[in-house]
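Please build the complex by placing chains B, C and D on the supplied structure of chain A, with the hints as guidance.
If you want the building blocks of each chain, they are given just below.
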Amino acid sequence: MQRIGVFVCWCGSNIAATVDVKAVAEALGKEPGVVFFEDYQYMCSEEGQNKIKNAIKDYALTGAVICSCSPRMHENTFRKAAAAAGINSFMVEIANIREQCSWIHKDKVSATEKAIVLGRAAIAKLHLNAPLTAGESPVVKRALVIGGGIAGIQTALDIADAGFEVDIVEKKPTIGGKMSQIDKTFPTLDCAACILTPKMVDVAQSEKIRIFAYSEVEAVKGFVGNFNVSIRKKARYVDEVKCTGCGLCTEKCPQKKVPNDFNLGLDQKRAIYIPFAQAVPKIATIDADYCTMLKTGKCGVCSKVCTAGAIDYKQKDTVLEEQYGAIVVATGFNPIELTKYDEFAYSQSPDVITSLEFERITNAAGPTGGTLLRPSDGTHPHKIVFVQCVGSREDGNGCGKTYCSKICCMYTAKHAMLTREKYPDTEVYVFYIDVRTPGKNFDEFYRRAVEEYGVHYIKGMVGKVSPENGKLMVRASDLIEGKQLLIDADLVVLAAAIEPDKSARPLATMLTASMDTNDFFTEAHPKLRPVESPTAGIFLSGCCQGPKDIPETVAQASACAAKVIGLLNKDKLTCNACVAHPDEMLCNGCSTCEKVCPYGAITYESKEFRMPDRTTRIRRVASVNPAVCQGCGACTVACPSGAMDLHGFSNRQIMAEVDAICK
Amino acid sequence: MQIEEKFEPTIVAFCCNWCSYAGADLSGTNRLQYPANVKIIRVPCSCRVNPMFILRAFQRGADGVILCGCHPGDCHYTTGNYYARRRMTLLFSMLDFLGIERERTRLEWVSAAEGAKFAATMNDFVETVTRLGKNRRLEDLRCNK
Amino acid sequence: MEQKNLKETVLRISGVNPRKCMKCGKCSGTCPSYDEMEFHPHQFVYMVENGEIEPLMASKSIYRCLTCFACVERCPRQVEPAKLIEAVRLTVIRQQGQNHLKPDAIPALLDEDMPQQALVTAMRKYAK
Amino acid sequence: MQQVIRDKALSLLEAGKVDRVLAWKEGEFFYDQTPHVFKTAEEINRSLVYNGFSAANLSKYLVKETLKDGMIAVFLKPCDTYSFSQLLKEHRIPREKVWAVGIPCDGKLDIDRIRKAGLRGITSIREDGDRLSVSTIYGEKTVAKSDALAERCENCKSRKHIVYDELIGSEGEALDSGRFDAVEALEKMSPEERFAFWQKELSRCIRCNACRNACPACTCEKCVFDNPASGIESKAPASSFEEQNFHIIRAFHVVGRCTDCGECSRVCPQSIPLHLINRKFIKDINEFYGTYQAGENPDERAPLTNFDKDDMEPADAFRKGE
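Residue numbers (my numbering), protein chains in the order written: chain A, 1 to 663; chain B, 1001 to 1145; chain C, 2001 to 2128; chain D, 3001 to 3322.
In short, the hints are calculated from the structure, not lab data. Among these hints, one or two may not hold up.
To be verified - Below, computed lysine-lysine pairings styled on BS3-like, alpha-carbon distance capped at 27 Å:
| id | chain 1 | residue 1 | chain 2 | residue 2 |
| --- | --- | --- | --- | --- |
| 1 | A | 108 | B | 1134 |
| 2 | B | 1117 | D | 3309 |
| 3 | C | 2023 | A | 483 |
| 4 | A | 171 | A | 221 |
| 5 | A | 106 | B | 1117 |
| 6 | C | 2020 | A | 459 |
| 7 | D | 3283 | A | 502 |
| 8 | C | 2023 | A | 383 |
| 9 | C | 2083 | A | 401 |
| 10 | D | 3309 | C | 2020 |
| 11 | A | 422 | A | 459 |
| 12 | A | 595 | D | 3064 |
| 13 | A | 595 | D | 3283 |
| 14 | A | 527 | B | 1117 |
| 15 | A | 459 | C | 2060 |
| 16 | B | 1134 | D | 3200 |
| 17 | A | 527 | D | 3309 |
Pulled out of the complex, with its shape left as it was, chain A reads as follows (with noise of 0.2 Å):
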């Protein structure tokens, strides 16, 4: 039997005006198991929380029950009070006697009763209360980030740069993404490459950061502050440490036909090498599905001009095995696939680009060496028509998306600009069906587009393309002018939607971190916490999360980075007390809690039980992990025989609240 003390707080009148607090301390004061009972001014007050402290000792109380303002204000301060006075802070409960009770109502004698019977809820909810301890985890002090684009790069040098130790995971032969692809970046027009590179190679000089380059996330298990992750490294067949990355295999490689994914098969490379010349880490990588000595054994010519003897044609993947106290999620993001769209020929003209291969075309390291020239005949395009939000905004049946990709509006205004500045004879069209443009200087940026640059921007959409000896002609509206337009193009470039990229899926199991039906990953708030995921130590940075540009990507991947750094600087994490927990003799270990749990909390396992019967058993049996734990009880309802409940907010818990409120 628990010996409880019951406080009536008066806050000042704010109570006490309207309910009796004297008869309620008194009417609680003859509930089983209350051995003392006191109404004060102000229970909060440093001289109310004594007279908490001096009763808990001076009567023994193993509980106490404060009817005061919400537990939504002071019920740290009580719970901190009982601990000071030497019990578990946990044996406090608080009835809301004012936020529910006496604000809320004006006549004093129902209020009063239902004080009462408020306080003689928490009374009896206080009788099964247990102490409860929230456990403690250590932390392993590095963090593991999954992508090496833009994103992933500022979020580890932030996270070195706070003396952390960083692992890049980046799946293609070098770090940089997206943003190494871009020719110039909007609204400032400065080179994507010139700004980019830098940081490039301070990654490569952090001694903070390690880059696992061309290598994949494998498999993932535990939790916040301590998780195993397997690392995939695939045969790149050159040695890493050997390699100088001076770049004469790629030059006297045999193989030459071999589709550029960097150029995004715009025109082709050999089958070593190097994407780009200011690759990280700058190491030659050969493609097995093109090399020919891989393919039939005969060939060897990179061998042999090797001067570091760096090629090594029987590598093998290796999968490391590495501790992570943190992940981030830096998975970024692809133009939509465009085959589907017919009308807009992009399968069946060289001549209808996508935006990225438009970036490609004028960028000076790109296949053209920056100068734009039409994919078909090399010669120039005199008349270009953009067409905006492919694939975005659409209802979500076809092949596109429902979103906004946020990016396509500010690039397209930057190739229009570009287009007219570098061949002023080039006309441009857009085609929009609205301009969007929210952020710094953005605006601005597409209207010197139309009024300085005298880009055409039409309000309408694109109906069809046709190519027609050696032109595209491009049907259209103009919406504003009640006109149907037929252009007789040079050039299409499609602004494509962006989506997550396709690794992401498999990635969010792997971590159990949620996504939207649009595989975007979901943030664990989306107003407070934009850059967590709702699984504790997994973090979102850059396009995983949504559609963003660089800036924004920047911005919260440094956000990202403070908030990998502020758990990473813990030595141990305090959990949540009030976690799930089965009652193993009544496990049926039917895997139902385990599917609604939104934190990946509950694993199962074989354990070996001896029955009331003697005899022994293996059972499968769920077992919550304290660490991960939220304490939502999403668990507790599906659970069937009532095995999983709640510290803190037990069913026998809720149900004797309900018993003294119906009573």
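Structure of chains B, C and D alone, referenced to chain A:
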């Protein structure tokens, strides 16, 4: 003249800690009145509410039970209220199927900012349940009087 | 019929929800009969939503639509403008004496290049 | 068919493939068969039966039986395979310890229904195609089989075997059944009429727990109603409320797990149509969240462990019914 005593229903309101309980607090802070019949039980999340609790309340004499949680999509635990919604939809539909007045059960989404909505919801709910009168059917379901 | 009823009729016949339209104009950008029409496909969607059915009913545009369904095929939000145009046309034709193509008119249309199927289709489309 | 099943059981046992066979055994009365674990050929030849009264869904017994050493063979009718599959999904039965033999079923008989047709003093029943020859102490009678079928078989949902190691007979199909008609009829009633209906039915409950004990979804290590620590323990009814509480909670605990095998109603000594409560849940799930058949697909998420952001609100569910 005989004064007929007004029926005062017992109403149990389960409120999730993060949105609805805070919404209830806010209606207090704003001094928005609702009847004292409503007694609130704090739960971490609407998904913590077991159908057993609701039946238990009716069994022990409650005349109406209302469950309040964060708006869909705003759950502190991201998905709890979606599960709660399915569970309550099925449970309430079942009670209706057994012939229990459907107005005695309710699920409402109340955010921490919706103090006014909380008070209005409670006023409406108390009024509805008062009109229905004492909850006898669940009690009487088996007693073929 | 009243304005509101007309709109309801058109919506019911077509099964289209014009509110899904985001006013991109792809339907009109793709329409092969654009220049023949007084009201263009996107205007049909807009005007139906605004309840302005009578001007549409009075317009020759409803007979200029080829029902090629290019707008239906390409609409990014699956609004299906052609079905709206069809619904407006049906609303007209279903009124008494409003058959747009009468059997008597057919002999005059006959010539060697006119496929018979086109006439049959036209009869179905333009008459009760 | 009985001989085919006996032969199969004997051959499995003889070949050493299994150590035990779970099947039906004649009970006190010919229509009252009981599930039984056969261990010897002699036992099988003596008392293994299979006919229109071999109604019990055997899948549930595997939960306990597979705790013992060795392999066990089990005969599963199509609807039993759904339960078996569901139990596998819930990790209640180790698949490798069971040899499942799918057997055909063309509907089970309901002795009460035959009696209600006016036949008294029945001593035996022989199935003869779609007719039944009924021997009574008053002489031979015949009844159309369709008039003697159990309700659940009249509204058979499927003749498909979901999971088995071998199959006697051929693979069947899921059927279009009118199994929700009775639920729909109740839904159409006024709340008062529904209340009166259920009051009449549930008043008869004697809390014998037969429904729970026969239900293949009720395999909890310890039922909440038997557990003093659960807070809702009620082995015997303490108040009038306990029964409806019991039946609602029991049905709720099997939501998304109930395969609609109909065992609850079959075993109820008071003939309460308990299956209607379960079917109401199934019907609601099908209408609200898309068709879901428990036990059909082991990889599918059950409706209560799943959600859609646009799920309907409880209030809309009511409106839908109007």
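Verification of the hints:
1. Distance restraint check for residue 108 of chain A and residue 1134 of chain B: the Cα-Cα separation of roughly 25 Å lies within the 27 Å cut-off, and the hinted pair is therefore satisfied.
2. At most 27 Å may separate the alpha-carbon atoms for a hinted pair to count; residue 1117 of chain B and residue 3309 of chain D meet this at roughly 22 Å.
3. A distance of roughly 15 Å separates the Cα atoms of residue 2023 of chain C and residue 483 of chain A; the hinted pair therefore holds under the 27 Å criterion.
4. Taken as a hint, the residue 171 of chain A and residue 221 of chain A pair is honoured in the structure, with Cα atoms around 20 Å apart against an allowance of 27 Å.
5. Proposed proximity of residue 106 of chain A and residue 1117 of chain B is supported: the alpha carbons are some 20 Å apart, at most 27 Å.
6. The hinted pair formed by residue 2020 of chain C and residue 459 of chain A meets the criterion: a straight-line CA distance of about 18 Å does not exceed 27 Å.
7. The hinted pair formed by residue 3283 of chain D and residue 502 of chain A fails the criterion: a straight-line CA distance of about 37 Å is larger than 27 Å.
8. Of the supplied pair hints, the one linking residue 2023 of chain C and residue 383 of chain A holds, its CA atoms being roughly 26 Å apart against a limit of 27 Å.
9. Only pairs whose Cα atoms come within 27 Å are accepted, and residue 2083 of chain C paired with residue 401 of chain A is accepted, the gap being roughly 24 Å.
10. Restraint check: the Cα-Cα separation between residue 3309 of chain D and residue 2020 of chain C comes to about 20 Å, which is no more than 27 Å; the hinted pair holds.
11. Between the alpha carbons of residue 422 of chain A and residue 459 of chain A the distance comes to roughly 25 Å, so the proposed pair stays at or under 27 Å and holds.
12. In summary, the hint linking residue 595 of chain A to residue 3064 of chain D is supported, as the alpha carbons are separated by about 25 Å, within the 27 Å threshold.
13. Distance check on the hinted pair: residue 595 of chain A and residue 3283 of chain D sit about 23 Å apart at the alpha-carbon level, within 27 Å; holds.
14. Proposed proximity of residue 527 of chain A and residue 1117 of chain B is supported: the alpha carbons are some 22 Å apart, at most 27 Å.
15. Distance restraint check for residue 459 of chain A and residue 2060 of chain C: the Cα-Cα separation of roughly 26 Å lies within the 27 Å cut-off, and the hinted pair is therefore satisfied.
16. Taking the CA atoms of residue 1134 of chain B and residue 3200 of chain D, the gap is about 21 Å. The hint holds against a cut of 27 Å.
17. Between residue 527 of chain A and residue 3309 of chain D the alpha-carbon distance is near 18 Å, which keeps this suggested pair within the 27 Å criterion.
Going through the hint list in order, the structure does not satisfy hint 7, though it satisfies all others.
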